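Undergrad: Guided by the hints, dock chain B onto chain A, whose structure is given.
There are 2 protein chains.
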Amino acid sequence: MESRRGNSMTEEEYSEVAATRRIQRLTSHISPAVATQPATTSVVQTETCAARTKKLEVNGQALSLYMRGKHMDIQEKVYEFFNSRPDLQTPIEISKDDHRELCMRQLYGLVREAGIRPFRYVAEDPAKYFAIMEAVGSVDMSLGIKMGVQYSIDMNLADFWVYHRRSNVQGLQTTAAFDPIKDEFVIDTPHDGAIKWWIGNAAVHGKFATVFARLILPTHDSKGVSDMGVHAFIVPIRDMKTHQTLPGVEIQDCGHKVGLNGVDNGALRFRSVRIPRDNLLNRFGDVSRDGKYTSSLPTINKRFGATLGELVGGRVGLAYASVGVLKISATIAIRYSLLRQQFGPPKQPEVSILDYQSQQHKLMPMLASTYAYHFATVYLVEKYSEMKKTHDEQLVADVHALSAGLKSYVTSYTAKSLSVCREACGGHGYAAVNRFGSLRNDHDIFQTFEGDNTVLLQQVAADLLKQYKEKFQGGTLTVTWSYLRESMNTYLAQPNPVTARWEGEDHLRDPNFQLDAFRYRTSRLLQSVALRLKKHTKTLGTFGAWNRCLNHVLTLAESHIESVILAKFIDAVQNCSEPSARAALKLVCDLYALDRIWKDIGTYRNVDYVAPNKAKAIHKLTEYLSFQVRNVAKDLVDAFELPDHVTRAPIAMQSDAYAQYTQVVGF
Amino acid sequence: MESRRGNSMTEEEYSEVAATRRIQRLTSHISPAVATQPATTSVVQTETCAARTKKLEVNGQALSLYMRGKHMDIQEKVYEFFNSRPDLQTPIEISKDDHRELCMRQLYGLVREAGIRPFRYVAEDPAKYFAIMEAVGSVDMSLGIKMGVQYSIDMNLADFWVYHRRSNVQGLQTTAAFDPIKDEFVIDTPHDGAIKWWIGNAAVHGKFATVFARLILPTHDSKGVSDMGVHAFIVPIRDMKTHQTLPGVEIQDCGHKVGLNGVDNGALRFRSVRIPRDNLLNRFGDVSRDGKYTSSLPTINKRFGATLGELVGGRVGLAYASVGVLKISATIAIRYSLLRQQFGPPKQPEVSILDYQSQQHKLMPMLASTYAYHFATVYLVEKYSEMKKTHDEQLVADVHALSAGLKSYVTSYTAKSLSVCREACGGHGYAAVNRFGSLRNDHDIFQTFEGDNTVLLQQVAADLLKQYKEKFQGGTLTVTWSYLRESMNTYLAQPNPVTARWEGEDHLRDPNFQLDAFRYRTSRLLQSVALRLKKHTKTLGTFGAWNRCLNHVLTLAESHIESVILAKFIDAVQNCSEPSARAALKLVCDLYALDRIWKDIGTYRNVDYVAPNKAKAIHKLTEYLSFQVRNVAKDLVDAFELPDHVTRAPIAMQSDAYAQYTQVVGF
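Quick note, the sequences are listed as chains A and B, same order. Here full-length UniProt numbering is used: position 223 in the first sequence is 223, and no number is missing along the way. Here full-length UniProt numbering is used: position 632 in the second sequence is 632, and no number is missing along the way.
Excised from the complex, chain A in its bound form (with noise of 0.2 Å):
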């Protein structure tokens, strides 16, 4: 960030300022001493703004308390662990192969040197693997989905469910047919069109797999078997002691990718390999001793759906680890940009370049985000883990959608935003060292696996087109989309032309307003792409309406997401109960929400939902709020409590070796 030159508005000579000066200036403005008093505030912001505000003072302590919760114990655990153990840190350069082995000796490192079974947790304490996953995350993306592949039967599936679904999950051609007279299944895939690629830990390390196949049971009909649809199965796929292949198993490493070359992802093609009966994943159906098979589900497409739906832990997990990334990243980029001095009025100390509007423009609507998506996800770790306890019907579907919707919102965001934060800190974010690049390129495929990201949102949109129809037919709604049950008639009436003018700051700061703004938006476009799909489905069938109307429903998926988490956003802003957090938490929240609306403020527009006095409003308050939320955005990036050692990138230390960076590469 610099100022801009030669122009007869700008031709102020800004005065130099001395290297030594400088570092004096950034070692007393990394001290914790001064981050609370209002001087660290820019000399020209303040003028600005100091009369309708005073600066907050945040109680750090309450607030990361209140974010992080009880897994603090775990992570600080998974922390030391690395930082005690240097030969387990990834270095900058490292090959496939070196990391691959890396990988796993950091796994080995974490399981039997630290103690930490992440395992034991899956089922029973979900939230607590998932605060786990996220630690793990932070030393190398790749061993935290090299644990989740390892740990995780979900992320296991995941991985075949990914390329199933790709060659059309429920027409998979792999079978696995019972042979009573050995009682063990036979496992055939086909031909080379049905090898499944891409499988995490298949290419070096993995002793088995779980593979879908189809159950092929013997009849005593004409046809000879009977095709039970898809099923998992255990399969070896090394020898435990030998490490070698086993006989009918091929294996192809699939090779060097974007990132997350610690993960060793191959293809498995199976000539017909034999496996004990019990190797069965039986908890949706069975085969008992003489080749009956039993179900609790009635039919192939049922089970099916009960099957898949094992999956949507990884999806939670994709979400919250996403969270995890963009913490990280907006943390660096935050940091650096409060540190990093550049320019100023004539004859005065030159200004943090976070003093700069573009530079909050870029970080603080996504330091708000940050925090939207935080609360969201940890919404959706307590969802999951109450489903994995009750195994309610409506909590399932529920979890199913939510799970969808956030990963796929998140995981987009985070990309984004990680291309933003490198650009935001110029040349030394393209230094390896500051990490942008490794993070980017291995949280790059979250956007894709567990399902692409385009293909959840049109799940979400379906279910949430299912429920309206189901409404109108008397139906009741899951808990996720109950608002629009109560507000459907009142939103699709005309915008209220007295409120839609209406552009004082509290009235655009009550999240009143706000989540009738999120909600009015939903609802509009779950009626309108109701209409549109009903009326191309005469002419082009389901299938073409549902393509001609499709940036429509991705569209209103989005939409609903977003209202989802303003909705919990609201609520962990209430339920704090120690001021000043709540306080800050209330300035992000209302970022998040008037920076959203502001981005389809033509949406708004377009039905008079809001007048142009009001979209004006919006536009000059969500400035004012970014400039709100940088003078607490180190208490903010604080409260995530992730230390020098866990960001790692040397232009976001808060020790004195910032200051011995910023001498070295010449600031």
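It should be emphasised that the hints constitute simulated quantities derived from the structure, not laboratory data. On a predicted model such as this, the values are computed, not experimentally measured, just so you know. Each hint should be verified, as a subset may be incorrect.
Because identical chains cannot be distinguished in the list, a pair is counted as satisfied if it fits within a single copy or across any two copies.
[As the list claims (entries may be wrong)] Here are the computed lysine-lysine pairs in the DSS-like style, where the Cα-Cα straight-line distance is at most 25 Å:
no.	residue 1	residue 2
1	Lys538	Lys620
2	Lys388	Lys302
3	Lys182	Lys207
4	Lys471	Lys535
5	Lys347	Lys538
6	Lys534	Lys466
7	Lys620	Lys599
8	Lys55	Lys620
9	Lys416	Lys599
10	Lys70	Lys388
11	Lys534	Lys347
12	Lys568	Lys383
13	Lys347	Lys302
14	Lys469	Lys302
15	Lys616	Lys599
16	Lys241	Lys207
17	Lys620	Lys586
18	Lys383	Lys586
19	Lys182	Lys292
20	Lys347	Lys535
21	Lys534	Lys620
22	Lys383	Lys128
23	Lys616	Lys538
TA: Then chain B, alone, in the frame of chain A:
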């Protein structure tokens, strides 16, 4: 791209298509003979839109000739050379050090073996030079940058420019003191804070550096010396024979970067390094044997401006090369999306994923933008070449602003598009061999070097505001924004409420409407920024006011650049003589224009330039044009003439190799 499931509206059972049948279809799909038959258009959408238009048959040869012009031959020569030398192709996995060595060998190969001498063209035929750079960049972007640093004085200076600028260029502290006794300059870096980092080619291979330093001359007054301001000097840094670092020169390696690791960036520090007087680059100021200073330019500021003005070539090169990267990326993603098939209406063959509206939405406006930026940067190169010949002052100013604007606008767009392309290709986009990872990592820094994009946009806006001010004082406007002269008053009047409601396709596709919309927005933004700056300057001072309006300023700059791009695109359509090529260009030009208007529809609605019915019509037409462009997407991409051995990504292969690949990866 997949369809959706689990919804009553979407419960078709898709027909199973065996792998062999798929490959047959794929093979027929990629046969050139098929490409011009209407049958390639998907069944679904033909039904929808066949009534409105018949498929355009594009004369591909005419289109590519019009696009690529006279520098095709030398680009082919580059492509062929590297195709014939597998030993010079960059492998997927390579260490930093090996990459640096390989990159040097690639450069030697290009110059010594292929006999291509880029340096010859830097001054005498810049268009040819940039064409070579584009071609070389498609082999390995590190090579493109290495070549630029090695062969172009502009680029070499540029490395200094970026980092000097960061430390306040006019205040840079390195000195070149003239020693009249020995007839030499003595170069000194006064302290660590003045070390220049990130200099391309410095860490390993460079023999010389072009150094910016303050020229210090001895005087007879009491001060004893006189500071003549910043000048450029050629300083040898390594011995020509032994390659040892020369005495007084200290070099540090900048290490591993996010991308471009074939380029060896380093830091330089000088301790009393002596160079002959002749090593002063004396175009704008010279020193005689007896220490007398002469210059055609009267002030330090003027000379400084002229010296920096030489750097514009680097920006022209980056804008041009960035379009080259965008072409490769869009080609890979679109060819893959045409070949890859997934799902479809019941009982019908699967459709290409480019038949999905969401995929069109991702890729077709991007293809249109690629064409838009192609013509804009070709125009920039023409103007730059003219400037290098005539040194016309108005042209210099014009090229300066245009290169700053296009460099920032185009590189930001390409950076985002690389991520979109990766996502559009799903899991296969994540395989390193398919290139999105390395293209993105290499291109990323284009947004930062040669001037950070946020800074360059401010320069554009500052220049625009300066001219706006002069206009009101009776001055003239330079060529690039001469449109404002004619239209400012018209545009600032209230929009016409009648035309604001016109929604016919002929009207929306009329270049006059499109240009008017772009220019209207720019004019409004220019006036409103000027007024706001004036108002705020009174209370906040120049610096504070500029910062207070910074987002507004950046929007103005982008809007202006978009206006220029559209105007050039419209010219390019009109100048194309072959009717089918012109029709194809008109299609993408309309998509470019309307997509941009739709993206900022809030602004247009807020001032009632566009009524709600027109906004809706624009949106609808944008989707329809995306579909139309999809039907000629193959022709449009083929016109870039990027053969398989240049794109290299297996997923985009046009030969049987693709069918083999799809078979192997298990479609």
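Undergrad: Which holds for Lys182 with Lys207 at a C-alpha limit of 25 Å: within a copy, between copies, both or neither?
TA: So Lys182 and Lys207 pass the 25 Å test inside one copy only (23 Å; across, 75 Å).
Undergrad: State whether the alpha carbon distance between Lys568 and Lys383 is at most 25 Å within one copy, between copies, both, or neither.
TA: Within one copy only: 13 Å inside a chain, 55 Å across chains, cut-off 25 Å.
Undergrad: Please sort Lys347 with Lys302 into within, between, both or neither, judging by C-alpha distance up to 25 Å.
TA: Cα proximity of Lys347 and Lys302: across copies only (23 Å, versus 73 Å in one copy).
Undergrad: If the cut is 25 Å between Cα atoms, do Lys416 and Lys599 qualify within a copy, between copies, both or neither?
TA: Both: 15 Å inside a copy, 18 Å across copies.
Undergrad: Pop the pair Lys620 and Lys586 into one bin, within, between, both or neither, using alpha-carbon distances up to 25 Å.
TA: within (18 Å within a copy, 38 Å between copies)
Undergrad: Which holds for Lys383 with Lys586 at a C-alpha limit of 25 Å: within a copy, between copies, both or neither?
TA: within (24 Å within a copy, 52 Å between copies)
Undergrad: With 25 Å as the alpha-carbon cut-off, assign the pair Lys70 and Lys388 to within, between, both or neither.
TA: For Lys70 and Lys388, the Cα distance is within 25 Å only inside one copy (19 Å; across copies 66 Å).
Undergrad: From the Cα coordinates, with 25 Å as the cut-off, is the pair Lys241 and Lys207 best called within, between, both, or neither?
TA: within (10 Å within a copy, 57 Å between copies)
Undergrad: Within a copy, between copies, both or neither: which one fits Lys471 and Lys535 at a CA-CA cutoff of 25 Å?
TA: Only inside one copy: Lys471 and Lys535 sit 19 Å apart there, 54 Å across copies, limit 25 Å.
Undergrad: For the identical chains here, do Lys534 and Lys620 meet the 25 Å Cα criterion within one copy, between copies, both, or neither?
TA: between (40 Å within a copy, 18 Å between copies)
Undergrad: When no copy is named, should Lys388 and Lys302 be tagged within, between, both, or neither for a Cα gap of at most 25 Å?
TA: The answer is within: 19 Å in one copy meets 25 Å, while 72 Å across copies does not.
Undergrad: Between copies, within a copy, both or neither: which fits Lys182 and Lys292 at Cα up to 25 Å?
TA: Within one copy, since 15 Å is at most 25 Å while 102 Å is not.
Every hint from the earlier list agrees with this structure, and none is contradicted.
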